[in-house]
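Trainee: Kindly produce the complete structure, drawing on both the sequences and the hints.
Number of protein chains: 2
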Amino acid sequence: MTADIAKVRVGLDERSYDILIGSGLVARAGAEIVDRLGKVRAMIVTDENVAAAHLEALQASLLHAGIEHATHVLPTGETTKSFAHLEATVEAILAARLERGDIVIAFGGGVIGDLAGFAAGVVRRGMRFVQLPTSLLAQVDSSVGGKTGINSRHGKNLVGVFHQPRLVLADTDVLNTLSEREFRAGYAEVVKYGLIDKPEFFVWLEKNWHQVFSGGDARKQAIAISCQAKADVVGRDEFETGDRALLNLGHTFGHALEAFCAYDSARLVHGEGVAIGMALAHRFSTRLNLASSDDASRVEAHLRAVGLPTCIDEIPGMKPTAEALLTYIMQDKKVSRGALTFILTRGIGQCFIARDVPSSEVLAFLEQSLER
Amino acid sequence: MTADIAKVRVGLDERSYDILIGSGLVARAGAEIVDRLGKVRAMIVTDENVAAAHLEALQASLLHAGIEHATHVLPTGETTKSFAHLEATVEAILAARLERGDIVIAFGGGVIGDLAGFAAGVVRRGMRFVQLPTSLLAQVDSSVGGKTGINSRHGKNLVGVFHQPRLVLADTDVLNTLSEREFRAGYAEVVKYGLIDKPEFFVWLEKNWHQVFSGGDARKQAIAISCQAKADVVGRDEFETGDRALLNLGHTFGHALEAFCAYDSARLVHGEGVAIGMALAHRFSTRLNLASSDDASRVEAHLRAVGLPTCIDEIPGMKPTAEALLTYIMQDKKVSRGALTFILTRGIGQCFIARDVPSSEVLAFLEQSLER
Numbered sequence: 000m001t002a003d004i005a006k007v008r009v010g011l012d013e014r015s016y017d018i019l020i021g022s023g024l025v026a027r028a029g030a031e032i033v034d035r036l037g038k039v040r041a042m043i044v045t046d047e048n049v050a051a052a053h054l055e056a057l058q059a060s061l062l063h064a065g066i067e068h069a070t071h072v073l074p075t076g077e078t079t080k081s082f083a084h085l086e087a088t089v090e091a092i093l094a095a096r097l098e099r100g101d102i103v104i105a106f107g108g109g110v111i112g113d114l115a116g117f118a119a120g121v122v123r124r125g126m127r128f129v130q131l132p133t134s135l136l137a138q139v140d141s142s143v144g145g146k147t148g149i150n151s152r153h154g155k156n157l158v159g160v161f162h163q164p165r166l167v168l169a170d171t172d173v174l175n176t177l178s179e180r181e182f183r184a185g186y187a188e189v190v191k192y193g194l195i196d197k198p199e200f201f202v203w204l205e206k207n208w209h210q211v212f213s214g215g216d217a218r219k220q221a222i223a224i225s226c227q228a229k230a231d232v233v234g235r236d237e238f239e240t241g242d243r244a245l246l247n248l249g250h251t252f253g254h255a256l257e258a259f260c261a262y263d264s265a266r267l268v269h270g271e272g273v274a275i276g277m278a279l280a281h282r283f284s285t286r287l288n289l290a291s292s293d294d295a296s297r298v299e300a301h302l303r304a305v306g307l308p309t310c311i312d313e314i315p316g317m318k319p320t321a322e323a324l325l326t327y328i329m330q331d332k333k334v335s336r337g338a339l340t341f342i343l344t345r346g347i348g349q350c351f352i353a354r355d356v357p358s359s360e361v362l363a364f365l366e367q368s369l370e371r
Numbered sequence: 000m001t002a003d004i005a006k007v008r009v010g011l012d013e014r015s016y017d018i019l020i021g022s023g024l025v026a027r028a029g030a031e032i033v034d035r036l037g038k039v040r041a042m043i044v045t046d047e048n049v050a051a052a053h054l055e056a057l058q059a060s061l062l063h064a065g066i067e068h069a070t071h072v073l074p075t076g077e078t079t080k081s082f083a084h085l086e087a088t089v090e091a092i093l094a095a096r097l098e099r100g101d102i103v104i105a106f107g108g109g110v111i112g113d114l115a116g117f118a119a120g121v122v123r124r125g126m127r128f129v130q131l132p133t134s135l136l137a138q139v140d141s142s143v144g145g146k147t148g149i150n151s152r153h154g155k156n157l158v159g160v161f162h163q164p165r166l167v168l169a170d171t172d173v174l175n176t177l178s179e180r181e182f183r184a185g186y187a188e189v190v191k192y193g194l195i196d197k198p199e200f201f202v203w204l205e206k207n208w209h210q211v212f213s214g215g216d217a218r219k220q221a222i223a224i225s226c227q228a229k230a231d232v233v234g235r236d237e238f239e240t241g242d243r244a245l246l247n248l249g250h251t252f253g254h255a256l257e258a259f260c261a262y263d264s265a266r267l268v269h270g271e272g273v274a275i276g277m278a279l280a281h282r283f284s285t286r287l288n289l290a291s292s293d294d295a296s297r298v299e300a301h302l303r304a305v306g307l308p309t310c311i312d313e314i315p316g317m318k319p320t321a322e323a324l325l326t327y328i329m330q331d332k333k334v335s336r337g338a339l340t341f342i343l344t345r346g347i348g349q350c351f352i353a354r355d356v357p358s359s360e361v362l363a364f365l366e367q368s369l370e371r
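Same order as they appear, the protein sequences are chains F and Z.
The opening residue of the first sequence carries number 0 in numbering that gives the first Met the number 0; numbering runs sequentially from there.
The opening residue of the second sequence carries number 0 in numbering that gives the first Met the number 0; numbering runs sequentially from there.
Fair warning: there could be bad hints in the mix.
Since the list gives no way to pick out one identical chain from another, each pair is judged satisfied if it fits inside one copy or across any two copies.
Unchecked claim - In the EDC-like style, the derived pairs of lysine to aspartate or glutamate whose C-alpha atoms are separated by at most 20 Å in a straight line are:
{"no.": "1", "residue 1": "K38", "residue 2": "E67"}
{"no.": "2", "residue 1": "K155", "residue 2": "E86"}
{"no.": "3", "residue 1": "K197", "residue 2": "D236"}
{"no.": "4", "residue 1": "K219", "residue 2": "E77"}
{"no.": "5", "residue 1": "K155", "residue 2": "E90"}
{"no.": "6", "residue 1": "K155", "residue 2": "E98"}
{"no.": "7", "residue 1": "K219", "residue 2": "E67"}
{"no.": "8", "residue 1": "K219", "residue 2": "D293"}
{"no.": "9", "residue 1": "K155", "residue 2": "E239"}
{"no.": "10", "residue 1": "K206", "residue 2": "E299"}
{"no.": "11", "residue 1": "K219", "residue 2": "E31"}
{"no.": "12", "residue 1": "K219", "residue 2": "D231"}
{"no.": "13", "residue 1": "K38", "residue 2": "E90"}
No lab work stands behind these hints: they were computed from the structure.
Remember, predicted model here, so these are calculated numbers, not experimental data.
Mentor: As structure tokens, this is what we get:
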């Protein structure tokens, strides 16, 4: 491994693995896989967009390393996370006669990582799997931690397994082909790690976000710190029975907004929902006299500076009512036995899990937010 | 718990659970569940046959214990282990708004246990699940050990997860409604535990099999010893990376025969395939000068005494060629990287895992067996 590649170790006993972050990792994927996992066979699972831009490079890298492989290309977009595509992917892996020790390579954004990871988790009751995340969101969030899954008609990500990858290769160059909007949306999750418990990282982002957006060393550093932050939380709570809930900062409000927009990405993408959700979580904490309004304003200011939304009324189209949003919040799977759980904060980098938040407080806060 | 209920503990650290074996456990299911798992809500997953015979008793028991529940009834038979029925079961569980701590109750034979366990393993990335096995096969084999799954067009049980139940309730009375043939097929797996490493249990079965078939204490005892035997192996090797392969005694030949019969239960059911497979494994061990031919004859004699088949030519319909059977054996998932793995024996109760068995030896043995 060359010096310009950052490495983050996810410590989960016998399920531990490395995340490599840096330039040119798609081209070096074959060599890294053979080095770490030996002479395996592989199924590449990817989507149409990623295939058009990067598939040849990955296939060449695998061939060069002597990794025999097949490729399964899925449609781009959230609707791919369905039972039908899961079945087709599983059958494609079995048709290629891969064994438990062979690998599934998830080559794409969060949708591909979630679906391919789920498929790898259930073929022969679990085969090895490698993540090559191609979006900023996937590099800093969904490719770390082993959550895989598809959507149900009853909600997003309600069906899946915990299945850890054996290796994650985050190629920072690939992010250059993302749209500005897509990159920004992933950046919301980067900011989240600062806000949860890394105030110094948030300060660093306020100063260096331009460099993170333009690429190079600052981008690699921001991704590495984010992966390390997530790895630390996941290492403490792999199966989400406690601390891991902190990673939901901004997500309870965010998911409700996404659901209200019927997951129409023209109106709102996940990272934008999280940005608004984080701003709301800080303002809600201010209202509950937990945090200063200066901190809430500072969070808002940074999100706005990079071009992320912070208010519900920035979402184009029909405005939700407070009651409608509360209904979506109550339906979210993070509601445990009817009690509302929120990630609240005592200030920048001081988040905590608040259980039993009264729904009346949430409703009053949402009414106030929507009146402004 | 009353004194007439046997209890076997499956020791898997924080995934440990009890198997209760005895009379009247369906009627006491609600009370046992509340005692051990608290006030949960439940989804009963069952099939048409079991529902007709026993569903009312289970529902009454849950109602009496205050367990709110819904029921999902599936068609009877192996084809139920499909992606389509998995999806329908998962959506039914989600429609009932069950949470991670609620339970799925698998109420049926191996098919229902495998499918319902898989569904429980993937809803919200894993919810609690309870097995109420209603066939002898399920009571002594599939309901113990956490293997769940469905079939692929590429083979049986190729898609699934390891997901341990929280409790297994094996009601020995329910077995009275099984056909003689179905009970016998399950009995083949009981014999298997003796042959693997419990010679004294095999001797006991030779003497007491009539009582096991007629019910009462001997039946309960045989089931408890079988569950304990399986629990011991699973406790040593939960994810089948080593010793657990011993449980495949008779299964490599058996699966090949089932596949040759296209899983037509009119010709051959699983337990019958295992009976023939165990007889073949012992004869093959004799041929390889590992075991005495007296031991092989004794195994055959016991299986015949209870009415189980021991020769390939007892299967009605077209006879397979040795080459055809070898092809099926090579396709079995227990073939690791092309090398043939067999469970062979040095005598009754002295099985071991033989890796790298030459396919030429297998072929020659099959040719000889088919000529007789």
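Trainee: Next step is simple, just say for each hint if it's right about the structure.
Mentor: Now the hints, each set against the structure:
| no. | hint | result |
| --- | --- | --- |
| 1 | K38 x E67 | within (9 Å within a copy, 52 Å between copies) |
| 2 | K155 x E86 | both (18 Å within a copy, 15 Å between copies) |
| 3 | K197 x D236 | within (18 Å within a copy, 41 Å between copies) |
| 4 | K219 x E77 | neither (27 Å within a copy, 51 Å between copies) |
| 5 | K155 x E90 | between (23 Å within a copy, 12 Å between copies) |
| 6 | K155 x E98 | between (30 Å within a copy, 15 Å between copies) |
| 7 | K219 x E67 | neither (30 Å within a copy, 52 Å between copies) |
| 8 | K219 x D293 | neither (30 Å within a copy, 70 Å between copies) |
| 9 | K155 x E239 | within (17 Å within a copy, 32 Å between copies) |
| 10 | K206 x E299 | within (15 Å within a copy, 80 Å between copies) |
| 11 | K219 x E31 | within (18 Å within a copy, 54 Å between copies) |
| 12 | K219 x D231 | within (18 Å within a copy, 49 Å between copies) |
| 13 | K38 x E90 | neither (23 Å within a copy, 39 Å between copies) |
Consistency note: the structure conflicts with the earlier hints numbered 4, 7, 8, 13.
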